[in-house]
Amino acid sequence: MAVSGLRVEVGGKEILTGLDLVVRPGEVHAIMGPNGSGKSTLAHVLSGRDGYVVTGGSVSYQCRDLLAMAPEERARAGLFLGFQYPVEIPGVSNVYLLRSALNARRAARGVSEIDAAGFLRLVKAKARLMQMDESFLQRGVNEGFSGGEKKRNEIFQMAVLEPVLAILDETDSGLDIDALKVVANGVNSLRDPARAFVLVTHYQRLLDYIRPDFVHVLAGGRIIRTGDHTLALELEADGYEQILAAASS
Amino acid sequence: MTGNALNQGLEDFIGRGYAHGFVTDIESDTVAPGLSEDVIRFISAKKGEPEFLLAWRLKAYRHWLTLREPRWAKLHHPPIDYQAISYYSAPRATPGLKSIDEVDPKLLQTYEKLGIPLHERARLAGVAVDAVFDSVSVTTTFKDKLAAAGVIFCSFSEAVREHPELVRKYLGTVVPYRDNYFAALNSAVFTDGSFVYIPKGVRCPMELSTYFRINQAKTGQFERTLIVAEDGSHVSYLEGCTAPQRDENQLHAAVVELVALNDATIKYSTVQNWYPGDEEGRGGIYNFVTKRGDCRGANSRISWTQVEAGSAITWKYPSCILRGENSVGEFYSVAVTNNLQQADTGTKMIHIGRNTRSTIVSKGISAGRAQNAYRGLVKILPTAENARNYTQCDSLLMGARCGAHTFPYMEVRNPTAVVEHEATTSRIGDDQLFYCRQRGISTEDAVNLIVNGFCKQVFRQLPMEFAVEAQNLLNVSLEGAVG
Amino acid sequence: MSQSTVRDDPGDQAGNRRPWLAAAEQSGSTASGLDWLRERRTAALARADRLGLPDQSHEEWRYTSLAPFTRRWLEHLAGVRLPAAPELVPPALAGVFSVDIVDGMLCAPLLATPPGLTIQSLQTLGPEWRTQVEALLGSTVSARDDSASDSLVDLNTALLNDLILVTTEPGASVAMPIHIRLQATAASALCQTRLLVDLAAGSRLTLSLVCTGTAGVLVNAVAQIRLGRDSELNLVRVQALPDDGMLTESTSIEVNDAATVTVTSVDLGAQLSRQSLTVRLAGTGASANLNGLFLADGHRHIDNRTTLQHEAPSTISREFFRGIAADHGHGVFSGKIIVQPGAAGSNAALTNRNLLLTTTAEIDTKPELEIYVDDVRCSHGATTGQLDANALFYLQSRGLDLSAARQVLTAAFLRDSLTSIALPELRERLEALLESRLQAQTGAAS
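Residue numbers (our numbering), protein chains in the order written: chain A, 1 to 249; chain B, 1001 to 1483; chain C, 2001 to 2446.
By construction, these hints were calculated from the structure, which means they are not laboratory data. Think of the CB as a built atom: it goes at the ideal place given N, C-alpha and C, for glycine as much as any other residue. A few of these clues could be false.
[Stated by the list, open to error] Computed list of chain C residues with no C-beta within reach of chain B, every gap over 12 Å:
1) Pro2114
2) Pro2115
3) Trp2129
4) Glu2169
5) Ala2422
[Unchecked claim] Each computed SDA-like pair below joins lysine to any residue, with the alpha-carbon atoms no more than 20 Å apart:
6) B/Lys1456 with A/Tyr96
7) B/Lys1456 with A/Ser93
8) B/Lys1074 with C/Gln2340
9) B/Lys1456 with A/Ser135
10) A/Lys150 with B/Gly1429
11) B/Lys1074 with C/Gln2056
12) B/Lys1200 with B/Asn1299
13) B/Lys1456 with A/Phe145
14) B/Lys1074 with C/Glu2059
15) B/Lys1267 with B/Gly1201
16) A/Lys150 with A/Gly174
17) B/Lys1046 with B/Leu1058
18) B/Lys1143 with B/Ser1236
19) A/Lys150 with A/Tyr85
20) B/Lys1456 with A/Glu88
21) B/Lys1267 with B/Lys1456
22) A/Lys150 with B/Gln1432
23) B/Lys1456 with A/Arg99
24) B/Lys1456 with A/Val95
25) B/Lys1047 with B/Pro1033
26) A/Lys150 with B/Asp1430
27) B/Lys1059 with B/Ser1044
28) B/Lys1169 with B/Ser1044
29) B/Lys1059 with B/Asp1038
30) B/Lys1145 with B/Glu1207
31) B/Lys1074 with C/His2058
32) B/Lys1456 with A/Val87
33) B/Lys1456 with A/Gly144
34) B/Lys1074 with C/Pro2341
35) B/Lys1456 with A/Phe136
36) B/Lys1143 with B/Met1206
37) B/Lys1074 with C/Glu2368
One chain only, chain A, in its complex shape:
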């Protein structure tokens, strides 16, 4: 995926002001930044959410114009968004949603629907990976889940859907240390030369468990600094202000 010069407005206010980012297969990118720097906007624009107006720049994904694709087309092409605030969908069971999603992706690739037994084996295996109780599978999507359970459910869905590019929006926020490890293990086990991750996060904490190839600092709607995982440590030690000050001087 290549993002170049991306400018995005929300409600008439420019949030992204010319953002560049290249993500290649197998890479793990962390995007860090203070509150209001545009991190979540980036995640939403890439996944195709309404309400964001692209005023400039482009995003190409697998040699296609990502911004021209409907959200479900992006998903079927392997793009996954782990939501910061996963919504509840009462009455729709987790497995039912996943099966519909998986079959929609398979249909788009011209593969036949997965059979019931095979599907069940798959979700059970992935649920074990995420240390999720099997009862979660039959419960309504995120219905009555705690904050931590919702986040874990996002990673579980990612594991089942096996995306090409996964964007995880503040997946670490609101997790206690045990849940954080489970989530990190889930991500690590899915690392693959053909799969890329973009981790959007405010804190360095998650990066103790998932070592990124690149760390980007997002501020004022653009990436102001890029480095390896040591940049995250530097941020943790010095805070955002110093880096912002250094970048603006």
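Model the placement of chains B and C on the given structure of chain A, informed by the hints.
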């Protein structure tokens, strides 16, 4: 007589019009349109009914004459001309179709979407079924099994002939002919329906369903059903089917009476998919139904589940009279309206006995230019110590031109009772839709998924195979609702 | 779900007996006053005569019969009066601007009204006010099926002796609360009070109305209130009529763009009281907060009907109504929310909680939603029952006896309804009064 010749004869007959007066032609299959005491005598004579039933019909008719059509429901329709309806038409073979190739392909498409098995499609479309599906043998098998258990399950007419003492004992004891306008009309002119009697201590060995009672297909207009569950018995009854049912009779006014004695349980499930009229609201059935269950015995339980998808107008409030101590009433409903359909439906829970409990779960979905209203009454009488009611009533709106309305009445006269009501109205959340689409699911599928999730609490109450069909029915009914 | 047969005894049908004609004749009201008003009054009388008083065959009058009201009106007209009883004097409050209205008439000329505010009566009303007054008089718009109640407004128009007009200047923030004391005496057969309130754009006002009276009074009160854009009104309405008083009350409030109205309604008196309160959210971003409380003890019949009509986009309403019925009391609450087709983005929530304390009391409640547009979030919840058993147990485990625990919880229940009253002294008095009344109840129940 061939089909065409019969039709011709019928047209001539009707063509004579009401002005020519009523002709007491006991040999004919149909009476001229119009309602009078003579017509009622004719129906009763035609069916060979005992005197008590004729007397009851006439009392109902005389009472009906003193009533006015109810106006309180949130429904609009042109006035119904009760003298333009023919009140008796004997069941007879449908003329017409010889094979499934002659059936309207649009109808067959709908069957496919509903997932109705191939062998049933022909029967539903009105093709002579015997060649395709051996209904006689099925009927015989299940009749033997029921007879062995002592269960009586037959048409209402048969019950009047074979078990007049039971009919006399229970008919009109739950829905008296004085109850309301449409119940009075039904009491005067009903032609047939179902009768079920479960003896003491018997758990009915199978789900009873009108599906098996093929002969009933043409008697839907003024149907009358009576189910009696003796002490400690248990029965589950299914009415209707998910396939679209076309009927030339515009007015339907059925009555259903349930009686549950000590420790008895009756579960009554309905899927209603009568013709709703076209996109412009032309045609369609007016469905004015009175359904009521009487929990007469201690620890008895009556549970209503309904999926209302058809009819131009639906007016029905399946109710429970909770008379016996510790008795339980339940009402689970999904009502879907699209295009110009109107529904005013809900329930009444009348708590009389101590420790009586009731639960109401209503899900209304309104699309197009339809109007969908929940109307329910929970009444706690001073005798109903420790009564409990919980009501949940949710509406989903699809489109800017439809309406969803909630009219719950709660009348409480006992300080130990607790009555709770909650209602919400909203549309499908943008965030829910986006979440599904981000997982790769198309907007249309996402809407179906979310709507079915919205109705899950109700579908869960239906027998398994019915639940799947009901889900499909919902999707078909809402087709084109989201542009 | 009423039956199609007419339930009311025909003898109770007020329409056949038409006390208003006698009343109009006695007072000569339609023949007096300002010319332009006279025409309107004659028309109103004709309309009321055609409609008659509402009876129980009207859905919105299902639980309340006006037959005793009409009967007493006829008796009063015939000269029958109940013996004089000690007057319930409305509270005098410090730090407020008090206005006394007796039998619908402004008692004394008002001196030194607070800056930014004018208060006038029919006597002082100059011709320059005509347009404003006419607009307000005609501002009651029936909710779809509410036309049966219109005759009460028409009767008031036809038979009133005076009307009170309260207006603010644009942008004025009236610091001092206005405290209107409506007193009804047995001097009039049926006391008509008429209040018009017009808040100019950007102005702010706190207004309290306390209604009291002498034994056996009948009151038909009408208030019509308009909020200009960005204005704010905090309205408190207290019904404290004597135990044998009867009241019908129709209030309509029109809320324009970005204006906010907060209403606190308290019923603690009367034998028969019926309030119909309609709030029209007529301008974009308008909002309404309603808090209500009634205590139907003794033999009271208290009926509150509220209608929140969302007519414009992004309008918000919040309503919380509480009721207590004890002894032989009968409490009725109907709360309707209507969202009209143009009101996209509206948000409405209504909660109704009722406590039923005795087997001889009754509470009938009917929260309603009528929604005609899909882009909305609306909800209502209603419960009728007793005090929470867990909470009672908790307090008992802390050493309170059952009756004390009941009192604590019941007091908390009603205090929550009064927090929106912006006049601290009035709020405290109401709290004290209600608590002492409830003490008798919960003490008796244990």
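_Checking one constraint from the list: CA of B/Lys1059 to CA of B/Asp1038, max 20 Å. Satisfied?_
holds (13 Å)
_Does A/Arg99 sit within 20 Å of B/Lys1456, going by the straight-line distance between their CA atoms?_
holds (18 Å)
*Holds or violated: are the alpha carbons of B/Lys1169 and B/Ser1044 at most 20 Å from each other?*
holds (19 Å)
*Starting from B/Lys1200, check that the Cα of B/Asn1299 is at most 20 Å away, please.*
holds (14 Å)
_Quick check for students: does the CB of C/Glu2169 sit more than 12 Å from each CB in chain B?_
Per Cβ check, C/Glu2169 is outside 12 Å of chain B; nearest 40 Å; holds.
_Would the hint linking B/Lys1145 and B/Glu1207 be met if the CA-CA limit is 20 Å?_
holds (12 Å)
*Measure nothing beyond the straight line between the CA atoms of B/Lys1456 and A/Glu88; if it is 20 Å or shorter, mark the hint as holding.*
Measuring from Cα to Cα gives roughly 15 Å; hence the hint holds.
*Taking only the CA atoms, is the gap from B/Lys1074 to C/Gln2056 under or equal to 20 Å?*
holds (18 Å)
*Are the Cα positions of A/Lys150 and B/Asp1430 separated by 20 Å at most?*
Between A/Lys150 and B/Asp1430 the Cα gap is close to 19 Å, so the pair holds against 20 Å.
*Would you check the hint for B/Lys1143 and B/Ser1236, treating anything up to 20 Å between C-alpha atoms as holding?*
holds (16 Å)
*Is B/Lys1074 within 20 Å of C/Glu2059, Cα to Cα?*
Given pair B/Lys1074, C/Glu2059 holds - Cα atoms ~12 Å apart, limit 20 Å.
*Would the pair B/Lys1047 and B/Pro1033 pass a check requiring their Cα atoms to be no farther apart than 20 Å?*
Distance ~19 Å between B/Lys1047 and B/Pro1033 Cα, so the pair holds.
Consistency note: the structure conflicts with none of the earlier hints.
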